[in-house]
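Here the protein sequences line up with chains A and B, keeping their order.
Taking this note's numbering, I'd label the letters of the first sequence as residues 1 to 131.
Taking this note's numbering, I'd label the letters of the second sequence as residues 1 to 230.
If you're looking for bench data, these hints aren't it; they were derived computationally from the structure.
Glycine included, each C-beta is placed from N, C-alpha and C at the ideal position.
Keep in mind that a hint or two might mislead.
[Claimed, not checked] Cβ-Cβ distance ranges computed for the label pairs, FRET-style: (1) ALA187/B x GLY59/A: 41 to 51 Å; (2) LEU116/A x MET64/B: 39 to 49 Å; (3) LEU104/A x GLY229/B: 19 to 29 Å; (4) GLY183/B x ILE126/A: 46 to 56 Å; (5) VAL77/A x THR77/B: 31 to 41 Å; (6) LEU104/A x LEU173/B: 48 to 58 Å.
[Unchecked claim] Partial selection, computed: residues in chain B whose CB lies under 8 Å from chain A: (7) ALA73; (8) LEU102; (9) PRO155; (10) SER176.
[Said to hold, decoys possible] Just a sample of chain B residues kept apart from chain A, beta carbon distances all over 12 Å, derived: (11) GLU87; (12) SER111; (13) GLN124; (14) ASP144; (15) ARG157; (16) ALA166; (17) ALA177; (18) TRP181; (19) HIS210; (20) VAL217.
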Amino acid sequence: MSHETDTRDPGDVGPGFMDAAGLTIREGIVRCAVGFVLASALTAASFSVLNTSLIWGPGIPVALVVLAIAQIGVHLVFFLHITTAPDNTNNVLALAFGVLIVALLIGGSLWIMDNLNQRMMPMHEIMQMQR
Amino acid sequence: MSATDTSLQALDPYRVGRGRDWLSAGGVGIGHVDATGHGEGGPASKRVIVSFGFWIFILSDIVMFSAFFAAHAVLQTAAAGGPSGRELFNWWSIVLQTACLLASSFTCGLSAVATEARNQLWTQLALLVTGVLGLAFLVLEVRDFTGMVMQGAGPQRSAFLSSLFAVVGLHGLHVSAGVLWLGTMMAQVFVKGFRPDILRRLVCFNLFWHALDIIWVALFTIVYLIGLGR
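Using the sequences and the hints given, assemble the complete structure.
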């Protein structure tokens, strides 16, 4: 059995393959364009959040993170062609593991460092003790 | 077979993730399953293995980036009396960089469509536009960086700036490598045509370029937009 072909595997696709949904050329272009429009809209929303008073000040970082996660989802679906179909199981599982590690690393760092910051004595008190 | 048996079977890890043939048969009638890469169906083709392997690399690259992001998020307010992001960041430069990278992701997707159609001219054109937009992004970023260093706000000024230059610079290095790779891919497609090995490399390049844009989304959100609000 030769592996040196570019034929389609039944029921198994790699990430970034266009043949997952059996798209025609036209549909492929439309899918790209839809992704581009959605991603542009989300980017524009992110950049305009800072300049409007639509969102309550302290909530802005949360809104920005939500918009970023939505845009990353758009990129995964429309540009990388990741789907929830059974032929994508391997790709989605690898992605889920990556997301877990990233969440642990960033969330854990922020949590621990914020906690340490709160436990730390304010700087002017440290200065007073050194006198 | 009773209804509970079927639902239990659907939860059986051995049967989860079977090919669409098995699902289209209603999830019953296990005979032979053709889906490759899911255990019983045999090994996946080289095409799937290569792109999946590169997917693993991309994800591990993102894990490395997340460490840089975590460092920057922790140190974002540690300006040590030096300039903060609000004083340093150039709004329009960031907007333009984002537009360049997003448009290049779009044209990169178009090049994949042209490759799927085995169309040499459109593949080359789409890749060329992708590369030009990538270069424009790099020029803007280098201009920003030199401007900051000239103001005395280089990476040695504060922990905030060290982590900023580290995470943005790392992304810039990835884009530079991507532009070089793109040039070699254009040459290979031109000289060797759409051979199976060239097609596999094109899929990997596409994954890499889209991953760069995904990282940029996290970057402009965490470093620039949240940094401007601090």
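Against the structure, the hints come out as follows:
1. ALA187/B x GLY59/A: 41 to 51 Å: holds (50 Å)
2. LEU116/A x MET64/B: 39 to 49 Å: violated (24 Å)
3. LEU104/A x GLY229/B: 19 to 29 Å: Given about 25 Å between the Cβ atoms, the range holds.
4. GLY183/B x ILE126/A: 46 to 56 Å: Roughly 55 Å apart at Cβ, these two residues keep to the hinted range, so it holds.
5. VAL77/A x THR77/B: 31 to 41 Å: holds (35 Å)
6. LEU104/A x LEU173/B: 48 to 58 Å: violated (25 Å)
7. ALA73: Check passed: Cβ of ALA73/B comes within 6 Å of chain A, closer than 8 Å.
8. LEU102: Since the shortest Cβ distance to chain A is 6 Å, the answer is holds.
9. PRO155: violated (20 Å)
10. SER176: At about 21 Å, which exceeds the 8 Å cut-off, the nearest Cβ of chain A leaves the hint on SER176/B violated.
11. GLU87: holds (15 Å)
12. SER111: For SER111/B, whose nearest Cβ neighbour in chain A is about 10 Å away, the distance does not exceed 12 Å, so it is violated.
13. GLN124: holds (17 Å)
14. ASP144: The claim stands: ASP144/B keeps its Cβ more than 12 Å from every Cβ of chain A (closest is about 16 Å).
15. ARG157: holds (20 Å)
16. ALA166: With a cut-off of 12 Å, ALA166/B remains clear of chain A, as the shortest Cβ separation is near 14 Å.
17. ALA177: Non-interface label on ALA177/B holds, nearest chain A Cβ at 18 Å vs cutoff 12 Å.
18. TRP181: holds (15 Å)
19. HIS210: violated (5 Å)
20. VAL217: violated (5 Å)
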